[in-house]
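Trainee: Generate coordinates for the entire structure from the input sequences, incorporating the hints supplied.
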Amino acid sequence: MSNEIADKVKKIVVEHLGVEESQVKPDASFIDDLGADSLDTVELVMAFEEAFSVEIPEDAAEKIATVNDAIEYITKQKAA
Amino acid sequence: MSGSGTDRKRVVVTGIGVVSPLAVGAELTWKRLINSQSGIGPITQFDASDLPARIAGEVPAGPTEEGGLTLSDWVPVKEQKKMDRFIHLGLAAGIQAVEDSGWKPESEEDRCATGVMIGSGIGGLKTIYDNSLAVAAGKARRLSPFFIPSSLINLTAGHLSIRYGFKGPNHAVVTACASGTHAIGDASRLIQHGDAKVMVAGGAESAICELGIAGFCSARALSTSFNDSPTTASRPWDRQRDGFVMGEGAGVVVLEEYEHAKRRGAKIYGEVVGYGLSGDAYHITAPAENHEGAFRAMQAALKDARVSPAEIGYVNAHGTSTMADDLELGAVERLFGDAAAGTSMSSTKSAIGHLLGAAGAVEAIFCLQAMRDGILPPTLNLDEPSSESAMDRIPHKAKEQQVDVALSNSFGFGGTNASLVLKRFRG
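Top to bottom, those sequences are chains A and B. When we follow the numbering used here, the leftmost residue of the first sequence carries the number 83, and every step to the right adds one. When we follow the numbering used here, the leftmost residue of the second sequence carries the number 8, and every step to the right adds one.
Watch out, some of these pointers could steer you wrong.
Unchecked claim - Some residues of chain A that are not near chain B, with every Cβ distance over 10 Å (derived): (1) Asn85; (2) Ala88; (3) Asp89; (4) Pro108; (5) Asp114; (6) Gly117; (7) Phe134; (8) Glu144; (9) Asp151.
Said to hold, decoys possible - Here are the simulated PhoX-like pairs of lysine-lysine, each with C-alpha atoms no more than 25 Å apart in a straight line: (10) B:Lys146 - A:Lys90; (11) B:Lys85 - A:Lys93; (12) B:Lys89 - B:Lys174; (13) B:Lys38 - A:Lys107; (14) A:Lys160 - A:Lys93; (15) A:Lys107 - A:Lys160; (16) A:Lys107 - A:Lys93; (17) B:Lys16 - B:Lys310; (18) B:Lys38 - A:Lys93; (19) A:Lys90 - B:Lys89; (20) B:Lys146 - A:Lys160; (21) A:Lys145 - A:Lys92; (22) A:Lys145 - B:Lys85; (23) B:Lys16 - B:Lys174; (24) B:Lys274 - B:Lys16; (25) A:Lys107 - A:Lys90; (26) A:Lys93 - B:Lys89; (27) B:Lys38 - B:Lys274; (28) A:Lys92 - B:Lys85; (29) A:Lys90 - B:Lys85; (30) A:Lys145 - A:Lys160; (31) B:Lys310 - A:Lys93; (32) B:Lys310 - A:Lys90; (33) A:Lys92 - B:Lys88; (34) B:Lys89 - A:Lys92; (35) B:Lys174 - B:Lys274.
Hints were generated in silico from the structure; no laboratory data involved. Every value quoted in this text rests on a predicted model; they were computed, and no experiment measured them. Cβ coordinates follow ideal geometry from the N, Cα and C atoms, glycine included.
Mentor: In structure tokens, the structure reads:
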């Protein structure tokens, strides 16, 4: 399950930020490493919400800075 | 303000860029225009089968080297979704113009002396429509964070300035179908007034969406009788004309203070020598009686340029293929008097349709190309004029004629009028 989530997160990041799959490493920061700006991260979180049918409140969204942060948060929500 | 003394700064054009229904590219558009080609065809951007007007001048898709639009050649894929199509088209024209001018400011001082003023009549109408549908479907909390910056009219100027680091005046004109002409005129004044040395100016428009076509249909502004023969639909001054044909595209020029251009050895297309503006104070969509507002705008532009009607060899008319065509003709004839017989006037909207807020910028570029090449572009489909004139309206085929001074007119809803006087450059 969590591998499925990880793959889907990576795919969404590739699509939305226009980066290569190889750049989307677990500890890659959306803003510092993948060229996102603040509006890109808002859009990214919306895309996660849509794709995984989860709600990500604003205070949680602010803490999602890396690829791994996103995978962990979504995995936790899906397990709950 | 712009100075009437001898110390007024001269403003020249050192770069041009065009995206039109004929081609992406200023020179290919021009070549096709003087070859009497038409860019009008059936609407493909949405299903228009339920609407009374089903034709438009769409920018052709295709390889860049063949004059088609390949968006990724102009805007990185990742950035494309952050902009409505009118910004895409504006950037494609703006990039052409800047690259053509060769102006690449390196110092902070030069960057701050370079501004952008690109307008639009309508802006991101399709983006607004799409997001409205999302709101109506209960997705108000799911709107893209890029919705607002995709739709705002001044974002063409914003994106262009970010791309090139132009830190001078950043502005956008919104005067409906006069936006492109006002942008070039106002930007020239900024240079004359000393606010900038270089201004990238023009207009961009893309309103061929359901909301745009349906809205202009309701205003009874569009041609509806020629859906089966699209290339004959835009027919300024012709007896059978029945409304304008919507076009899309962008025109951008690089305006530059003459001494600045000369110092860096820039190629010069021509000079902006006169600009005139007026308001009708009459009706929201109809021109004033006898187009007296247009008359005053042209008169003011000629006065500003200090040229007489007899010196004007070519007029690029607003000429939208509506009833107002003959009113404009009458206003030009009254202003020119006996000199009308020696002047030619055509409407290039016959080939590309009405580019609304981009129209005036594209048409000013046609005037510069006409003077450069000694070729005046034709009025297509002018089979039988509804009123006589001593002026040659250049029906069907371009004609060879050397012209030194040209006048370009644009009039917009709300009763706004603007005219530019452009001059062939001789070093």
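Trainee: Against each hint, give a clear statement of whether it holds in the structure.
Mentor: Hint by hint, here is what the structure shows:
{"no.": "1", "hint": "Asn85", "in the structure": "holds, 27 Å"}
{"no.": "2", "hint": "Ala88", "in the structure": "holds, 22 Å"}
{"no.": "3", "hint": "Asp89", "in the structure": "holds, 21 Å"}
{"no.": "4", "hint": "Pro108", "in the structure": "holds, 22 Å"}
{"no.": "5", "hint": "Asp114", "in the structure": "holds, 17 Å"}
{"no.": "6", "hint": "Gly117", "in the structure": "violated, 8 Å"}
{"no.": "7", "hint": "Phe134", "in the structure": "holds, 14 Å"}
{"no.": "8", "hint": "Glu144", "in the structure": "holds, 14 Å"}
{"no.": "9", "hint": "Asp151", "in the structure": "holds, 19 Å"}
{"no.": "10", "hint": "B:Lys146 - A:Lys90", "in the structure": "holds, 23 Å"}
{"no.": "11", "hint": "B:Lys85 - A:Lys93", "in the structure": "holds, 14 Å"}
{"no.": "12", "hint": "B:Lys89 - B:Lys174", "in the structure": "holds, 22 Å"}
{"no.": "13", "hint": "B:Lys38 - A:Lys107", "in the structure": "violated, 51 Å"}
{"no.": "14", "hint": "A:Lys160 - A:Lys93", "in the structure": "holds, 18 Å"}
{"no.": "15", "hint": "A:Lys107 - A:Lys160", "in the structure": "holds, 22 Å"}
{"no.": "16", "hint": "A:Lys107 - A:Lys93", "in the structure": "holds, 12 Å"}
{"no.": "17", "hint": "B:Lys16 - B:Lys310", "in the structure": "holds, 16 Å"}
{"no.": "18", "hint": "B:Lys38 - A:Lys93", "in the structure": "violated, 45 Å"}
{"no.": "19", "hint": "A:Lys90 - B:Lys89", "in the structure": "holds, 23 Å"}
{"no.": "20", "hint": "B:Lys146 - A:Lys160", "in the structure": "holds, 23 Å"}
{"no.": "21", "hint": "A:Lys145 - A:Lys92", "in the structure": "holds, 18 Å"}
{"no.": "22", "hint": "A:Lys145 - B:Lys85", "in the structure": "holds, 24 Å"}
{"no.": "23", "hint": "B:Lys16 - B:Lys174", "in the structure": "holds, 21 Å"}
{"no.": "24", "hint": "B:Lys274 - B:Lys16", "in the structure": "holds, 18 Å"}
{"no.": "25", "hint": "A:Lys107 - A:Lys90", "in the structure": "holds, 13 Å"}
{"no.": "26", "hint": "A:Lys93 - B:Lys89", "in the structure": "holds, 19 Å"}
{"no.": "27", "hint": "B:Lys38 - B:Lys274", "in the structure": "holds, 20 Å"}
{"no.": "28", "hint": "A:Lys92 - B:Lys85", "in the structure": "holds, 16 Å"}
{"no.": "29", "hint": "A:Lys90 - B:Lys85", "in the structure": "holds, 19 Å"}
{"no.": "30", "hint": "A:Lys145 - A:Lys160", "in the structure": "holds, 18 Å"}
{"no.": "31", "hint": "B:Lys310 - A:Lys93", "in the structure": "violated, 62 Å"}
{"no.": "32", "hint": "B:Lys310 - A:Lys90", "in the structure": "violated, 66 Å"}
{"no.": "33", "hint": "A:Lys92 - B:Lys88", "in the structure": "holds, 19 Å"}
{"no.": "34", "hint": "B:Lys89 - A:Lys92", "in the structure": "holds, 21 Å"}
{"no.": "35", "hint": "B:Lys174 - B:Lys274", "in the structure": "holds, 23 Å"}
Hint violations for this structure: numbers 6, 13, 18, 31, 32, all remaining hints satisfied.
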